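This is what each chain is made of:
2 protein chains.
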Amino acid sequence: MQQAIAILDSGVGGLTVVKEVMRQLPQEKIIYFGDTARTPYGPRPAEEVTRFTHQIVDYLKQFQPKMIVIACNTATAVAIDEIRAELTIPVVGVIHPGARAAIKTSRTQRIGVIGTEGTIKSRAYEVALRQISPNIQVVSQACPSFVPLVEKGLFRSEETRRTVEETLSELRRYPMDCLILGCTHYPFLSELISSVMGPQVTLISSAEETAREISTILYHKGMLATSNSMPVHQFFCSGEPRMFKAIAQSWLNEQIKVTPVVWQVPNII
Amino acid sequence: MQQAIAILDSGVGGLTVVKEVMRQLPQEKIIYFGDTARTPYGPRPAEEVTRFTHQIVDYLKQFQPKMIVIACNTATAVAIDEIRAELTIPVVGVIHPGARAAIKTSRTQRIGVIGTEGTIKSRAYEVALRQISPNIQVVSQACPSFVPLVEKGLFRSEETRRTVEETLSELRRYPMDCLILGCTHYPFLSELISSVMGPQVTLISSAEETAREISTILYHKGMLATSNSMPVHQFFCSGEPRMFKAIAQSWLNEQIKVTPVVWQVPNII
Chain A
91 MQQAIAILDS GVGGLTVVKE VMRQLPQEKI IYFGDTARTP YGPRPAEEVT
141 RFTHQIVDYL KQFQPKMIVI ACNTATAVAI DEIRAELTIP VVGVIHPGAR
191 AAIKTSRTQR IGVIGTEGTI KSRAYEVALR QISPNIQVVS QACPSFVPLV
241 EKGLFRSEET RRTVEETLSE LRRYPMDCLI LGCTHYPFLS ELISSVMGPQ
291 VTLISSAEET AREISTILYH KGMLATSNSM PVHQFFCSGE PRMFKAIAQS
341 WLNEQIKVTP VVWQVPNII
Chain B
91 MQQAIAILDS GVGGLTVVKE VMRQLPQEKI IYFGDTARTP YGPRPAEEVT
141 RFTHQIVDYL KQFQPKMIVI ACNTATAVAI DEIRAELTIP VVGVIHPGAR
191 AAIKTSRTQR IGVIGTEGTI KSRAYEVALR QISPNIQVVS QACPSFVPLV
241 EKGLFRSEET RRTVEETLSE LRRYPMDCLI LGCTHYPFLS ELISSVMGPQ
291 VTLISSAEET AREISTILYH KGMLATSNSM PVHQFFCSGE PRMFKAIAQS
341 WLNEQIKVTP VVWQVPNII
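Residue numbers (our numbering), protein chains in the order written: chain A, 91 to 359; chain B, 91 to 359.
So that you can see chain A by itself, here it is in the shape it has in the complex:
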């Protein structure tokens, strides 16, 4: 099936999913939307994030995608059920794939989760994990300072290193054998996070796991791309595209074209 997979996020975080889809499903065409004008979503009320998500999905409908991927944990936590109920195409979020991968990986049944305030407050990971495996012990922490650093492209700065170290200083004392990066921005910081948490803690990237599940779902629905030609991906962002483009090209390791989208409704923010 030659239609695109539409992937959306509050900003550059969903590019971690894009990179994995490009690697694990090289024949699939991707249309990406980063809502950089309104990032971060983490501190916003659930109703607002839900409204923004609906708006982006409405924008993406013009491309008739075969699947919508909500590549933002905050938006998945609060909006996926509504979006799923509204559409006939498959809608994939980033929370359950990470939860399932953590259950597969953990041998001690003690799992850590880090995410935005919105995601952690929603307790979406605890619910997803305990729905499957009621005895799992979950310790979670919001890391509100991580997303703004990533959106500024500061993946390895001294400030970022210090912030990651301070933010995780308490969490690292809890026994766990895996830590879910419950925000698609966090794989940009995975080296730093891993060095703070130590080698005994396996990081679970919801990005990598979501790409794997996209592959599973497309296969089971008979919707895998069949073309052998290399797809041309399209990128949209709602804010100033310069920084978005710089981060995307460096992360994806290829040249891309970014189309800026201006939200037309004046009171939309």
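These are calculated hints, taken from the structure and not from any lab test.
Hints may contain errors.
[To be verified] In silico DSS-like links for lysine-lysine, alpha-carbon gap of 25 Å or less:
#1 A:151 to A:311
#2 A:151 to B:311
#3 B:311 to A:156
#4 B:156 to A:194
#5 A:242 to A:347
#6 A:194 to A:109
#7 A:194 to B:109
#8 B:347 to B:242
#9 A:311 to B:194
#10 B:151 to A:311
#11 B:194 to B:109
[Stated by the list, open to error] Calculated from the model, a selection of chain B residues having no Cβ within reach of chain A, i.e. all distances over 12 Å:
#12 110
#13 136
#14 137
#15 172
#16 178
#17 239
#18 242
#19 247
#20 259
#21 260
#22 263
#23 284
#24 302
#25 310
#26 322
#27 349
The model shown is predicted, which means the values in this text are computed figures rather than measured ones.
For each residue, glycine too, the CB sits at the ideal point set by N, CA and C.
Position chain B relative to chain A; hints supplied.
Frame of chain A, contents of chain B only:
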């Protein structure tokens, strides 16, 4: 949903899937059928394996399972399309989950596959891998002597060590960064296989990956078990149950009850 997941195999191999389902989906009830009277399936003609698989599925229907798992690579390779077309419940095989996990894991795009003669001859893994990622290089080898050793419970004997070493002596010279254990019996030998292949080769267990995908599919279909009580699993085998029970109890690390099933049709073998 409180109905069971039905899992079938030519013998004890599918117990590697059972163990992972018990670990990753502890609330799910399992009904297992091992066709130990007619193991191994690997050297048999495709038509025969297809007929046997139909017969087991027909037997399992009496339990009204919510899902059928063909936990045998040989049977998946030759019979899954027919079984899937015949049933309205989801039918999960063990080949595609392993293929997707290998694509996720491999960084060099060079993947090895070992399996029974039937599986390797079918080229099912090459087809599954290349459908998703056409540039992947696959090297595969049949290991016909492995299944009989596992069915005899000889996981660590000197004979088994020598057989594994000799069988893989050529394959280990090929460059690859992961090796798919394309037979559900092989995780019983994973320590030996890993020591022969070396630490640079990640073993992909189709058993572990299939359990993960069972979890994905049950979630997306709203079919996860909701009970908090521990399920009681049921085990059936077509041959003499003593060895089956000994292997199952040791592998699953718990006491089980095995019900022998005698195929009623005299000419069925």
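Evaluated hints:
no., hint, in the structure
1, A:151 to A:311, "20 Å, holds"
2, A:151 to B:311, "24 Å, holds"
3, B:311 to A:156, "18 Å, holds"
4, B:156 to A:194, "22 Å, holds"
5, A:242 to A:347, "19 Å, holds"
6, A:194 to A:109, "23 Å, holds"
7, A:194 to B:109, "12 Å, holds"
8, B:347 to B:242, "19 Å, holds"
9, A:311 to B:194, "20 Å, holds"
10, B:151 to A:311, "24 Å, holds"
11, B:194 to B:109, "23 Å, holds"
12, 110, "8 Å, violated"
13, 136, "22 Å, holds"
14, 137, "26 Å, holds"
15, 172, "16 Å, holds"
16, 178, "14 Å, holds"
17, 239, "27 Å, holds"
18, 242, "29 Å, holds"
19, 247, "27 Å, holds"
20, 259, "32 Å, holds"
21, 260, "29 Å, holds"
22, 263, "27 Å, holds"
23, 284, "17 Å, holds"
24, 302, "5 Å, violated"
25, 310, "7 Å, violated"
26, 322, "17 Å, holds"
27, 349, "28 Å, holds"
Violated hints, listed in ascending order, are 12, 24 and 25; each of the other numbered hints is respected by the structure.
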